[in-house]
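J.: Residue numbers (full-length UniProt numbering), protein chains in the order written: chain A, 1 to 224; chain B, 1 to 224.
Hint data in this document are derived by calculation from the structure and do not stem from the laboratory.
Be aware that a few hints might be false.
Repeated chains share a single entry, so a pair holds when one copy, or any two copies, can fit it.
Unchecked claim - No farther apart than 30 Å at their CA atoms in a straight line, the calculated lysine-lysine pairs in the DSBU-like style are these:
| no. | residue 1 | residue 2 |
| --- | --- | --- |
| 1 | Lys52 | Lys10 |
| 2 | Lys130 | Lys117 |
| 3 | Lys73 | Lys17 |
| 4 | Lys130 | Lys25 |
| 5 | Lys89 | Lys10 |
| 6 | Lys88 | Lys39 |
| 7 | Lys52 | Lys186 |
| 8 | Lys201 | Lys29 |
| 9 | Lys52 | Lys29 |
| 10 | Lys201 | Lys128 |
| 11 | Lys25 | Lys137 |
| 12 | Lys88 | Lys10 |
As a plain string of letters, each chain reads:
Protein chains: 2
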Amino acid sequence: MFEKVLLSEKVANNIKKMIIDHELKPGDKLPNEIDLAEKLNVSRSTIREAIKILISMNILEIRRGKGTFVCEKPGIAADPLGVTFMNKKDLLLYLFETRLIIEPEMAALAAERASQKNLDRLQTVFHKMKEEILQGKDHTETDISFHNIIAKSTQNPIIQRIVPIINDSIKEGYQETKDIPESGEKVIIYHEKVLEAILQKSPQQAKHYMREHILNGMEQISRK
Amino acid sequence: MFEKVLLSEKVANNIKKMIIDHELKPGDKLPNEIDLAEKLNVSRSTIREAIKILISMNILEIRRGKGTFVCEKPGIAADPLGVTFMNKKDLLLYLFETRLIIEPEMAALAAERASQKNLDRLQTVFHKMKEEILQGKDHTETDISFHNIIAKSTQNPIIQRIVPIINDSIKEGYQETKDIPESGEKVIIYHEKVLEAILQKSPQQAKHYMREHILNGMEQISRK
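Here chain A stands alone, though its shape is the one from the complex (with noise of 0.2 Å):
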């Protein structure tokens, strides 16, 4: 028994070793499990075995019916921060603390860097989310798509990850109360300030309305 998971998780490392060497990539099939194991000189079990291994590490995933992909992110876990298995207390405040320090510099390097790709996308999340802020629709989603176009607008890879992260944390961390408290109108109105910044490329300009958006955020937490 002991054996036999080591071989699965040196199989597991062999598939991984793949996908690091682009023989597979984000978002590719998986060969079928008679040619993996052949290939792998492997027993199918073991295949197997390597996969459920792969899919809870986040490298691999079961779409139904269709079968086993490459991640289109390898290897990023669900809650890396591990918000689930912590203190509750403060913690929204410690999230908008920390995106406090990141997100305002993050804008400025998006003015800075942004791609015409990038901005296209920026002004089309932030319309979508205006519209369903004005039909009195859930913008959550919306909203953290706004700040990660953003991210990813640093083009700086570790930004990109980490800043979802935080995101992410907040809905995972607060799925019992989805709306961080904050007026429609004034989510509209800061967001509208970043986007135009970006637009114009001015990191100053962006830095300071991100500043007050996340700001105002952490007032409204406070009050609560």
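Here the structure of chain A is known, so what remains is to put chain B in place on it, guided by the hints.
T.: Positioned in the frame of chain A, the structure of chain B alone reads:
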């Protein structure tokens, strides 16, 4: 087979919930298989499957000859940013750019909030690192510890998790080039300045010297 996977995942969630509810705490030994199987009303093989899932999620760990334990920081993945799978080009500079955003602010918060225990620990690690440098030994681990203790001193659990993730990513992504080129003398001076500022509870000074330290590191990398 499909049913069994689902059942073991359900059991894994049950065990996870026991940790969230503090029925099991970080560092605790897991009850034995037989008791768990009885308590959760499933077979021992399902318990074993569930344990495997939780091990690969870094929630449980096996200590050889001792049994299965709840991890000290349950749910923290080994490489949560997935740097293993990233394009290595410019990655080190992007990691340092991210540190440049977070760590000066982190040092300022640490200067405001460090406990006496944090300060003692920081001094101890600084002196250990200084010794290692003067003796020509590898100081990578103590250097990372120094930064991680400052992260801890912010008392912000999100910063406490993110900063080690970034710093460990440097190790993860650059196992081949262990030494970030920086003269030992400069390393000592910058760390000493940061340490003094935190001891004197001077946020502005702590921020300033941390910034200088990281900028100096970036310069060394670019020059390489």
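J.: Please go over all the hints and tell whether each is borne out by the structure.
T.: Going down the list of hints, with the structure as the test:
1. Taking the closest pair of Cα atoms, Lys52 and Lys10 come within 30 Å of each other both inside a single copy (13 Å) and across two copies (15 Å).
2. With identical chains, the CA atoms of Lys130 and Lys117 are at most 30 Å apart within one copy only, with a shortest distance of 20 Å there and 48 Å across copies.
3. For the identical chains of this complex, Lys73 and Lys17 are neighbours both inside a copy (15 Å) and across copies (27 Å), given an alpha-carbon limit of 30 Å.
4. For a Cα distance limit of 30 Å, the shortest separation of Lys130 from Lys25 qualifies neither inside one copy, at 36 Å, nor across copies, at 44 Å.
5. For the homomeric pair Lys89 and Lys10, the shortest alpha-carbon distance between copies (28 Å) is at most 30 Å, but the shortest distance inside one copy (41 Å) is not.
6. In the homo-oligomer, the alpha carbons of Lys88 and Lys39 lie at most 30 Å apart only across protomers (28 Å), although the nearest pairing inside one protomer, at 48 Å, exceeds that limit.
7. Proximity of Lys52 to Lys186 under the C-alpha cut-off of 30 Å is found in neither arrangement, the shortest distances being 46 Å within a copy and 47 Å between copies.
8. In this homomeric assembly, Lys201 and Lys29 never come within 30 Å of each other (Cα to Cα): the closest approach is 40 Å inside a single copy and 55 Å across copies.
9. Taking CA atoms no more than 30 Å apart as the test, Lys52 paired with Lys29 passes in both settings, with 15 Å inside one copy and 25 Å between copies.
10. When the C-alpha separation of Lys201 and Lys128 is checked against a cutoff of 30 Å, the pair qualifies only within one copy, where the shortest distance is 22 Å, while the shortest distance between copies is 46 Å.
11. Taking the shortest Cα distances, Lys25 and Lys137 never come within 30 Å of each other, neither inside one copy (37 Å) nor across copies (40 Å).
12. For a Cα distance limit of 30 Å, the shortest separation of Lys88 from Lys10 across copies, 24 Å, qualifies, whereas the shortest one inside one copy, 38 Å, does not.
Hint compliance for this structure: hints 4, 7, 8 and 11 are broken, all remaining hints hold.
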